[in-house]
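Visitor: For the record, the sequence lines run as chains A and B. First residue of the first sequence: 1, per the numbering used here; consecutive thereafter. First residue of the second sequence: 1, per the numbering used here; consecutive thereafter.
Heads up, some of the hints might be wrong.
Unchecked claim - Covered by chain A, according to a simulated footprint, are these stretches of chain B (three or more residues, beta-carbon under 8 Å):
hint	stretch
1	309-323
2	675-687
3	694-704
Stated by the list, open to error - Which chain B residues stay away from chain A? Per the calculated CB distances, all over 12 Å, these:
hint	residue
4	Asp18
5	Ile22
6	Leu486
As the list claims (entries may be wrong) - A short list of chain B residues far from chain A (calculated; beta carbon distances all over 12 Å):
hint	residue
7	Thr14
8	Arg20
9	Pro136
10	Gly150
11	Tyr430
12	Ala569
13	Asp670
14	Pro714
15	Ser743
I should point out that these hints are in silico values taken from the structure, not numbers from a laboratory. The C-beta atom is built at its ideal place from N, Cα and C for all residues, glycine as well.
What follows is the residue order along each chain.
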Amino acid sequence: MKITVNIDGVRYEDDVEPRLLLVHYLRERAGRTGTPIGCDTTNCGACTVLMNGVSVKSCSVLTVQADGAEITTIQGLADGELHPLQRAFHEEHALQCGYCTPGMIMAAVDLLRDNPHPTEEQVRDGLEGNLCRCTGYQNIVRAVMRAAGDGEHAQAATGERAGVSA
Amino acid sequence: MTTIVEHEVGKARTRKEDARLITGQTNWTDNITLPGQAHVAFLRSPYAHARITSVDVSAARQASGVIAAFSGADFAGEQGSLPCAWPVTEDIVMPDHPPMAVDTVRYAGEIVAAVVARDRYAAADALESIDVSYEPLEPVLDMEAALEPGSPKVHEAGNKSFTWTFANGDLEAAFRDAPVVLERTYRQQRLIPSAMEPRAVVCAPVGDEYTMWSATQIPHVLRVMLAVVTGIGEQNLRVIAPDVGGGFGSKLQVTAEEVLALLLARKLGRPVKWTESRSEGNVAVHHGRDQIQRIRVAASADGQLRGLDVDLLADMGAYLMLVTPGIPLLGAFMYNAIYKMDAYRFNCTGVFTTKTPTDAYRGAGRPEATFAIERIMDDLAAHLGVDPLELRERNWIRHEEFPYTTIAGLTYDSGNYEAATAQARSLFHYDDLRKEQSERNAAGSPVRLGIGVSTYTEMCGLAPSRILGSLAYGAGGWEHASVRVLPTGKVEVVTGSSAHGQGHETAWSQIVADELGVPFEDVRVLHGDTQVSPKGMDTYGSRSLTVGGTAVVKACGKVREKARAVAAAMLEVSPDDLEWADGRWSVRGDPEQGKTIGEIAFATFAAHNMPEGVEPSLDSDATYDPDNFSFPHGTHLCAAEVDTETGAVKIRSYVAVDDVGVVVNPLIVDGQVHGGIAQGIGQALYEEAAYDSSGNLVTATLADYLIPSAADLPAFTIARTTTPSTGNPLGVKGVGEAGTIASTPAVVNAIVDALRPLGVSDVPMPCTPQRVWRAIQEASPASGPASGPASGSEGAAR
């Protein structure tokens with residue numbers, strides 16, 4: 001089937017099988033490998049991208065469903081300089097292996113669009129569909145709170161870093 | 001000239017790795033596409049145990065887009081046997097393990113055929129046209145039943161792989177007339193490591209040379225093993241671990257898929273790629289834990305430990321993978337933990353079942369040991385009516401007693417359990433929570449409060465080669481590093497330790513900056529490619545910093561000494577007149593006269609004035625083999641609210657005070673602790689690889705195998721004490737596994753502590769609401785759940 005899709009600002013016109021998953025289209029046809037695949041049951045969220053500004057798990061979207069859509073991946077997020085969430089993830093050490101990071105950041109973009117000043121609990125609930133095996137989420141939550149513009153609150157709300165002694 | 005040099009070690013540097021990871025420029029194996037690359041798909045057995053009577057791949061070969069299709073018989077002459085490098089006893093049963101099954105399958109998920117096609121969709125489609133006939137055999141799913149004489153056999157030689165025993169001290173005397181003897185049986189459920197990046201392999205042949213990219217923790221070990229298994233010369237194999245998305249032990253393996261990718265590339269003469277799906281990975285990636293632990297302690301009336309007796313059954317699964325039999329042995333030296341006692345016996349039997357093989361999973365043997373001893377210490381405290389922290393203090397090695405040789409024969413170089421515990425106690429508000437607990441118990445509250453204690457230690461920095469040799473492990477435990485100072489003064493560091501999320505590029509840069517007096521930004525760390533980094537033992541067992549980091553320090557030391565000779569020639573003084581101060585060589589007594597490493601590097605490059613006998617290069621190598629393990633320790637305290645009406649558990653607060661020695665980068669260490677705690681909580685509350693009665697894994701997806709999400713976890717309060725390790729120049733101990741080791745018993749102890757007044761003495765893991773509720777019912781079948789006013793909000797469900 002013929003599709004036209006805009007990915008990170010570039011227009012693609014293509015002929016795809018109806019069953020082709022959007023994430024496979026992004027990775028294997030459009031070469032946008034910044035969006036990884038972590039599962040096959042839509043649980044992990046690693047493949048989260050924005051479709052017309054709203055976060056979707058691109059493993060659960062058929063490419064044909066994205067016909068006419070604007071897709072933003074992690075590779076299209078920085079606009080000359082890093083997006084505040086990218087910066088916050090770096091500064092708060094919110095990633096280790098980094099595999100969940102593209103999806104986590106894209107989900108957080110949507111979360112903050114919806115709720116620019118979330119509480120810690122709202123961040124945790126909002127990111128429930130994105131799994132991370134490395135960080136225990138503590139610094140991810142801090143990063144999202146920081147990007148929301150309330151760094152001090154982030155420190156207070158998400159556990160303590162107590163001093164070093166002995 | 002006076003310069004104040006700020007030390008890099010100890011700084012919370014944000015990571016160099018992040019730049020590519022947060023922008024999607026990462027080089028995951030699955031991102032690689034080579035010209036002419038074909039895709040591989042594997043057909044896997046739906047039976048846990050069956051004889052293969054025929055495999056017909058002819059229809060698949062005719063399918064659209066298919067390049068080739070093979071059955072196990074096609075590889076019978078060349079595929080060899082997947083390696084096990086740890087034959088723990090002389091009489092161990094180590095069955096043949098063909099990468100692709102030829103006549104028998106022994107777990108659901110074992111590979112029986114392969115398709116190579118133009119793309120992944122065509123390969124997956126063609127699997128459906130392969131016709132395999134099976135003659136089902138009885139599955140073997142229960143370890144205890146497997147050892148019964150009449151049990152169906154997983155392998156011809158039987159279901160027992162080995163029995164390994166360690167004993168020290170007079171156990172019989174320790175138990176004889178002991179005022180207190182407690183015996184418990186704990187179950188370490190089977191876990192799936194669940195690194196977020198599924199495994200992937202790309203293999204490219206060029207003539208008789210092969211390059212393999214693999215999502216592996218162990219490119220160096222893999223290269224050696226691929227050569228041994230396939231007979232391809234090691235010099236013709238290059239293994240690259242590009243960016244790797246977590247491992248947790250699951251990528252510490254030589255897999256069937258890697259061997260088969262290499263054989264397929266050789267057979268077809270073109271690059272092949274295989275990427276697993278998560279549900280494929282859950283049945284095919286090795287699992288972790290799965291032990292039945294029978295543990296007995298003998299103690300005096302005041303709770304002083306006398307003897308400890310541990311009997312383990314460890315599920316190997318269907319085959320022995322790379323280090324499968326050695327995993328429970330890593331726990332053998334840790335059951336005695338931080339405690340003093342007179343006698344100890346450890347006995348472990350490895351059992352074959354028709355399930356996915358087990359092997360290393362974060363902590364590997366040590367979490368199991370720590371769980372059992374910390375659970376029974378809490379039970380002993382309750383039995384004696386003593387506070388669990390008080391009981392531990394009566395038994396632990398006091399800080400002035402280090403170095404201390406334990407009953408298990410290890411010498412702990414340093415530690416301060418008193419300091420870590422005191423700090424944890426204070427941050428946790430231990431006494432206040434105990435008071436609240438008593439009040440809730442007195443009021444018969446339906447939501448009880450429990451406090452769980454875990455005072456752990458672990459052996460890290462794997463490992464002194466001579467000890468590995470004495471345990472019959474097939475390789476050494478050293479690590480290698482090269483340091484090259486480039487003409488412009490920038491530095492390349494090559495490490496044999498292969499990172500997959502740990503942040504080596506950042507931490508190693510900090511170490512080198514201090515050692516050579518160069519800016520952090522000027523250091524580049526290279527790893528994970530056997531052509532770039534030809535020597536290494538890779539990353540596992542919290543070894544990277546203690547062993548690999550020390551190798552870097554030693555290589556820097558050699559570079560510095562060489563630089564001294566060149567600097568002396570440049571300054572026209574004797575090398576003996578120079579001192580290393582503020583990151584440069586300067587003339588003693590005349591610090592204005594000095595040369596930085598960068599200046600010396602350019603002089604070496606120009607080589608106009610090299611001292612006699614000094615080669616014109618400023619680089620060096622070092623291989624470091626540790627004398628001893630390192631022993632991080634800490635005290636973790638967990639407060640859990642348990643709703644006795646629903647069985648729901650909510651972690652109210654969690655405090656971890658860890659002593660991992662000197663900290664190179666606190667940001668990275670904090671992250672390791674957070675993630676470790678989360679994984680341990682996963683085992684305590686959520687995770688279990690469950691099989692049905694036919695031997696099918698019923699938790700093959702992330703919808704069924706529940707790894708915790710952000711909404712499932714609390715924020716942790718973490719702190720540190722710092723007792724440097726005396727075993728390495730950095731004073732570091734390792735932190736990769738600490739959280740996972742400590743947190744599981746802390747959480748389960750908290751749940752049991754909450755329910756002890758109701759007669760509950762154990763809840764099997766994972767402590768789901770159903771299991772907690774059932775434990776309450778079974779403990780008090782007559783009275784039902786605790787009476788008291790109903791609570792609508794206190795005990796929030798998951």
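Visitor: For each hint, tell me whether it holds in the structure or not.
Guide: Evaluation of the provided hints:
no.: 1; hint: 309-323; in the structure: violated (count 0)
no.: 2; hint: 675-687; in the structure: holds (count 5)
no.: 3; hint: 694-704; in the structure: holds (count 3)
no.: 4; hint: Asp18; in the structure: violated (4 Å)
no.: 5; hint: Ile22; in the structure: violated (4 Å)
no.: 6; hint: Leu486; in the structure: holds (27 Å)
no.: 7; hint: Thr14; in the structure: violated (6 Å)
no.: 8; hint: Arg20; in the structure: violated (8 Å)
no.: 9; hint: Pro136; in the structure: holds (27 Å)
no.: 10; hint: Gly150; in the structure: holds (39 Å)
no.: 11; hint: Tyr430; in the structure: holds (15 Å)
no.: 12; hint: Ala569; in the structure: holds (43 Å)
no.: 13; hint: Asp670; in the structure: violated (6 Å)
no.: 14; hint: Pro714; in the structure: violated (8 Å)
no.: 15; hint: Ser743; in the structure: violated (10 Å)
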